[in-house]
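Engineer: Working from the sequences, and respecting the hints, build out all of it.
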Amino acid sequence: ASKIFPPMVISMVDVGEETGQLPDMLLKIADVYDDEVDNAVDAMTSMIEPIMIVFLALIVGTIVIALFMPMISIITEMNNQAG
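Following the numbering used here, the numbering of the sequence shown begins with 112 at its first residue and continues without gaps.
Keep in mind that the hints were calculated from the coordinates and are not lab data.
Be a bit skeptical, because a hint or two may be false.
[To be verified] Across the chosen pairs, the derived CB separations fall in these ranges:
(1) Asp142 - Met163: 24 to 32 Å
(2) Ala168 - Val143: 35 to 43 Å
(3) Ile159 - Gln192: 45 to 53 Å
(4) Ser184 - Glu147: 54 to 62 Å
(5) Asp125 - Asp145: 42 to 50 Å
(6) Val165 - Pro117: 32 to 40 Å
Even for Gly, the Cβ is constructed at its ideal location relative to N, Cα and C.
Structural biologist: What follows is the structure, encoded as structure tokens:
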């Protein structure tokens, strides 16, 4: 079991068994792991967020260029014909 679970978990389970408070200790262990997962998700979200903003900016920029290039071509052609 010591290779599967970290020493902190084994120690907390031992203390819980000795004091008769095993359910409480298991809840504390669950809280610790829940906090670790929350921290990992927050870190991942903070890393992904700027990447998503840049990605969406590229998509919006591509759409804007795709819309304005034909209009610029038409205006340029009209100026060439008028001049």
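Engineer: I'd like to know which numbered hints this structure contradicts. Please list them from smallest to largest.
Structural biologist: The structure conflicts with hint 5 only, although it agrees with all the remaining ones.
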